[in-house]
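K.L.:
Throw the hints in and build the complete structure from the sequences for me.
Protein sequences appear in the order of chains A and B.
With the first sequence counted from 1, adding 24 to any position gets you the numbering used here.
With the second sequence counted from 1, adding 24 to any position gets you the numbering used here.
Among the clues, some could well be false.
It does not matter which identical chain is meant; a pair holds if it fits inside one copy or across any two.
Within a straight-line C-alpha distance of at most 30 Å, the following computed DSS-like cross-link-like pairs (lysine-lysine) qualify [to be verified]:
| id | residue 1 | residue 2 |
| --- | --- | --- |
| 1 | K46 | K272 |
| 2 | K75 | K365 |
| 3 | K75 | K343 |
| 4 | K46 | K75 |
| 5 | K350 | K75 |
| 6 | K129 | K156 |
| 7 | K46 | K285 |
| 8 | K272 | K126 |
| 9 | K129 | K351 |
| 10 | K460 | K434 |
| 11 | K480 | K126 |
| 12 | K102 | K129 |
| 13 | K350 | K230 |
| 14 | K75 | K351 |
| 15 | K408 | K459 |
| 16 | K272 | K129 |
| 17 | K411 | K514 |
The set of hints was computed from the structure by calculation and includes no laboratory data.
Spelled out, the chains give:
There are 2 protein chains.
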Amino acid sequence: MKTAITPTRSENYPEWYQQVIKAADLAEISPVRGCMIIKPWGYALWEGIQKELNMRFQETGVENIYCPLFIPMRFLEKEAEHVDGFAKECAVVTHHRLEADKDGKLQPAGPLTEPLVVRPTSETLIGDMFSKWIASYRDLPILVNQWANIVRWEMRTRMFLRTTEFLWQEGHTAHTSSEEAVTQSLEKLDLYAEFCENILAMPVIKGEKSETERFPGALNTYCVEAMMQDGKALQAGTSHFLGQNFSKAFNIEYLGEDEQKHHCWTTSWGVSTRLIGGLIMTHSDDDGLRVPPRIAPKHVVILPIMHNDDTDELLEFCKSIENHLKKTTYHGEPIRVTIDKRPLRGGEKAWSWVKKGAPIRLEIGRKELEQKSVFMGRRDLGYKEKKTLSIDDFYTNITALLDEIQSNYKNQAESFQKDNIQVVSDDKALYTCFKKNTGFVAGYWCEDANIEAQLKKDLSVTVRCFPLDHAEEGPCIFTGKPGRWTIFAKAY
Amino acid sequence: MKTAITPTRSENYPEWYQQVIKAADLAEISPVRGCMIIKPWGYALWEGIQKELNMRFQETGVENIYCPLFIPMRFLEKEAEHVDGFAKECAVVTHHRLEADKDGKLQPAGPLTEPLVVRPTSETLIGDMFSKWIASYRDLPILVNQWANIVRWEMRTRMFLRTTEFLWQEGHTAHTSSEEAVTQSLEKLDLYAEFCENILAMPVIKGEKSETERFPGALNTYCVEAMMQDGKALQAGTSHFLGQNFSKAFNIEYLGEDEQKHHCWTTSWGVSTRLIGGLIMTHSDDDGLRVPPRIAPKHVVILPIMHNDDTDELLEFCKSIENHLKKTTYHGEPIRVTIDKRPLRGGEKAWSWVKKGAPIRLEIGRKELEQKSVFMGRRDLGYKEKKTLSIDDFYTNITALLDEIQSNYKNQAESFQKDNIQVVSDDKALYTCFKKNTGFVAGYWCEDANIEAQLKKDLSVTVRCFPLDHAEEGPCIFTGKPGRWTIFAKAY
Chain A
25 MKTAITPTRS
35 ENYPEWYQQV
45 IKAADLAEIS
55 PVRGCMIIKP
65 WGYALWEGIQ
75 KELNMRFQET
85 GVENIYCPLF
95 IPMRFLEKEA
105 EHVDGFAKEC
115 AVVTHHRLEA
125 DKDGKLQPAG
135 PLTEPLVVRP
145 TSETLIGDMF
155 SKWIASYRDL
165 PILVNQWANI
175 VRWEMRTRMF
185 LRTTEFLWQE
195 GHTAHTSSEE
205 AVTQSLEKLD
215 LYAEFCENIL
225 AMPVIKGEKS
235 ETERFPGALN
245 TYCVEAMMQD
255 GKALQAGTSH
265 FLGQNFSKAF
275 NIEYLGEDEQ
285 KHHCWTTSWG
295 VSTRLIGGLI
305 MTHSDDDGLR
315 VPPRIAPKHV
325 VILPIMHNDD
335 TDELLEFCKS
345 IENHLKKTTY
355 HGEPIRVTID
365 KRPLRGGEKA
375 WSWVKKGAPI
385 RLEIGRKELE
395 QKSVFMGRRD
405 LGYKEKKTLS
415 IDDFYTNITA
425 LLDEIQSNYK
435 NQAESFQKDN
445 IQVVSDDKAL
455 YTCFKKNTGF
465 VAGYWCEDAN
475 IEAQLKKDLS
485 VTVRCFPLDH
495 AEEGPCIFTG
505 KPGRWTIFAK
515 AY
Chain B
25 MKTAITPTRS
35 ENYPEWYQQV
45 IKAADLAEIS
55 PVRGCMIIKP
65 WGYALWEGIQ
75 KELNMRFQET
85 GVENIYCPLF
95 IPMRFLEKEA
105 EHVDGFAKEC
115 AVVTHHRLEA
125 DKDGKLQPAG
135 PLTEPLVVRP
145 TSETLIGDMF
155 SKWIASYRDL
165 PILVNQWANI
175 VRWEMRTRMF
185 LRTTEFLWQE
195 GHTAHTSSEE
205 AVTQSLEKLD
215 LYAEFCENIL
225 AMPVIKGEKS
235 ETERFPGALN
245 TYCVEAMMQD
255 GKALQAGTSH
265 FLGQNFSKAF
275 NIEYLGEDEQ
285 KHHCWTTSWG
295 VSTRLIGGLI
305 MTHSDDDGLR
315 VPPRIAPKHV
325 VILPIMHNDD
335 TDELLEFCKS
345 IENHLKKTTY
355 HGEPIRVTID
365 KRPLRGGEKA
375 WSWVKKGAPI
385 RLEIGRKELE
395 QKSVFMGRRD
405 LGYKEKKTLS
415 IDDFYTNITA
425 LLDEIQSNYK
435 NQAESFQKDN
445 IQVVSDDKAL
455 YTCFKKNTGF
465 VAGYWCEDAN
475 IEAQLKKDLS
485 VTVRCFPLDH
495 AEEGPCIFTG
505 KPGRWTIFAK
515 AY
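P.N.:
Given below as structure tokens:
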């Protein structure tokens, strides 16, 4: 069977991924090494993610701010693990103008006395700010977030998943107690999980990272891990309990009710445009992108099938459908609908929306106009299954239909995840699983970092997390010592 | 009379400006030279601006995208005027990691073969993209916009008005004809003017820039100019007709219906966080910020005046007011309301919201609870004028009240602008006006750049624009030659 995407997932998964992005016109490689251009359909996904997360952050008392792009080098040096973690991948600004040399060629000029680093993350700047903003326990907690661009110099990039510049949100909070800070980290982890599952229809495993995989400078990193259709893991979001590391490095102190000075306990948490990579690899098929309705830039696309003699009337009918849908509320917002009037053949036009993954396509021709009906295609049922509905039936059912599509995507992704987690009780079974390349493997592990390093070397497998919903310990599958329940996987 | 802001506007306008920002907690100086930290109340203003402009852009068919932060140096070189305009203020990335030297001090390492410039604007990158995206007249027009951070190295910075890093939107379009491109530029100018006047309550003069003041690489720059309370001009937004300069530099060509290749005609247009500076200086008074309701982060602030014995009941009453208001629609959206429960004295609490400029404050104490009333203060009427309204009257009138406040701000700003434009018919009168420092001066000018330079030297006055609503020519006030109607002013 001919598919819209060549190669298919089974033929060449990484190349299929690039082709889905291209076919849906989500983004493209830029002339700037390692950076991408996010195009309208891709950026609309990001705007949807922003809107949904902003709503959720606000409900938990988080306020948005904006911090500088540049970080003085001395700031980065203050937290030892932090600088170790990021020094190898920093874009460094060393000059503040360009000047023509004697051959007329531009050269950097105006050297800075202190180089500036383009932010790889903002804990250090925030640390400095918190130290100025916080004086007393009455100022706490502080809960802020920013939406920003981030630069980490990457040698091997892949669109949305790993790019030198990416977009993200980073939340930063400060608290009077360790317990409150841990609670905050876990609350945001729950928020991410709920968002991934209900909006992106992407099931995730909530867990804690191994020491090796922690954020540089964190006491503990919590994560949500999703499974892609090739069985690999994608870290969809992280939430860090930073303890007092940054508050000690940056003197974030408060005067307590006891009239003594104390260091704050801080957290940070973030998700990035890599969520879009996760969305693509969770739902798309060999005909292209599939977007769950809750995050779809358009819920319904109306495709007028025009002939010479009935164009006006047909467009009027399409317009009336558009207006009706715009007045219909889906999860608190008007249905997002567009009429595609481009002068393309019907098939070509319909295919373009299949590849973009719009949940519902309506083809409206002379017959539909006469019958006051719509010829509807659902992206979740593939390209071929289409049916005629009376316009009234369509209006009555549209929100239920969108919810049904949302559920279908979620259920499919959940089944896939469930079917591709193998529980093992010895190391041989683990090696066998990964030689077959079958998704996640779960088993007990004693947290020995040497074993972790060996797995990476032998199988390119990493410890993804200790799932939070499985607290009981058991005998390590490698050593027999007491171990924690662990998810192992290859990862993006 | 004691004012919340010291110094007052008449005592020291520039310092008053800084103090208003501080008192309203909009932003603060960051440890990074020339950059600021935008705090929640300030960032919420920016989010409001984004929302309103996005709505308007979308209605005109503009789609949002995101382009890389970095621009290869060779791109900047392609358009000669453009590079001249920006080379002197570019942050240049020359290295991609940090490495400890033998003394353990971090140093830039991993030199780049080609330096990257942090975008001072994105015409060059967009030019490169357009050249790839556009093949045929069928691909045109292209209308895109991005919200992004921008870096221009500034030696003398002032928060919101002039900072090394700032936030903005930049729209970029490509067309098949000069006329269509000019129409697009003017359409976006109208959009900015309508937005400034109706949302920010900030009257603007729409005009065309003199050749000296044009965007580097543009054939024509249109602008909206606002008058601040010290009589200085603020360029609130610009829209550039770029002609074929960038399409020739970047080979943006299309195959026409005539089957011939043609260069496109392009435009770009933008507004930035400096709009917030304009908002502050248009409306604020000696008690701090005043925010027009259409852009206010909160329309109504509820201040419970708590006593020990009636706290629960009082808060419940406040909560019921909050809930009612959240269900009330103001210009298509729920009224934005908050309850301020901070443990501060009533006066201190009320003052904090005066300084932040929230349009309506409700003080709710035992009396109001018993009477089912609100004690209301309106920011547009100053701090002292407050009155008691029954809760039902308040509910009935709230949206009309907000509109009235909006109109008051707009009317005040319009009167101020009108009262501070002096029409002159000779150069002596112009010099006299500016020696008295009285706002804008209007008169005919023959467009001689030497005169422009002289005015700058003598008076620090620049040509702000040729107002679009005054096309007739007249005798130049300097030379008597035919001249265009011109606005002169000192400017931010």
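K.L.:
Now look at each hint and say whether the structure bears it out.
P.N.:
Checked hints:
1. For a Cα distance limit of 30 Å, the shortest separation of K46 from K272 across copies, 27 Å, qualifies, whereas the shortest one inside one copy, 47 Å, does not.
2. In the homo-oligomer, the alpha carbons of K75 and K365 lie at most 30 Å apart both inside one protomer (28 Å) and across protomers (27 Å), since each shortest distance falls under that limit.
3. For a Cα distance limit of 30 Å, the shortest separation of K75 from K343 qualifies both inside one copy, at 27 Å, and across copies, at 25 Å.
4. With identical chains, the CA atoms of K46 and K75 are at most 30 Å apart both within one copy (25 Å) and between copies (29 Å).
5. Both within a single protomer and between protomers do K350 and K75 lie at most 30 Å apart by alpha-carbon distance, with minima of 19 Å and 19 Å respectively.
6. In this assembly of identical chains, the alpha carbons of K129 and K156 lie at most 30 Å apart only when taken from different copies (26 Å versus 44 Å within one copy).
7. Proximity of K46 to K285 under the C-alpha cut-off of 30 Å is restricted to the inter-copy arrangement: shortest distance 26 Å between copies versus 56 Å within a copy.
8. In the homo-oligomer, the alpha carbons of K272 and K126 lie at most 30 Å apart only across protomers (27 Å), although the nearest pairing inside one protomer, at 50 Å, exceeds that limit.
9. Taking the shortest Cα distances, K129 and K351 never come within 30 Å of each other, neither inside one copy (58 Å) nor across copies (62 Å).
10. Only within a single protomer do K460 and K434 lie at most 30 Å apart by alpha-carbon distance; the minimum there is 26 Å, versus 70 Å between protomers.
11. Within a single copy, K480 and K126 get their C-alpha atoms no closer than 52 Å, and across copies no closer than 32 Å, so neither meets the 30 Å cut-off.
12. For the homomeric pair K102 and K129, the shortest alpha-carbon distance between copies (12 Å) is at most 30 Å, but the shortest distance inside one copy (38 Å) is not.
13. Proximity of K350 and K230 under a CA criterion of 30 Å is satisfied in neither setting, with 37 Å inside one chain copy and 34 Å between copies.
14. With identical chains, the CA atoms of K75 and K351 are at most 30 Å apart both within one copy (20 Å) and between copies (20 Å).
15. Within a single copy, K408 and K459 get their C-alpha atoms no closer than 37 Å, and across copies no closer than 77 Å, so neither meets the 30 Å cut-off.
16. Taking identical chains as interchangeable, the C-alpha atoms of K272 and K129 lie at most 30 Å apart only when they sit on different chains, with a minimum of 21 Å there against 47 Å within one chain.
17. In this homomeric assembly, K411 and K514 never come within 30 Å of each other (Cα to Cα): the closest approach is 41 Å inside a single copy and 67 Å across copies.
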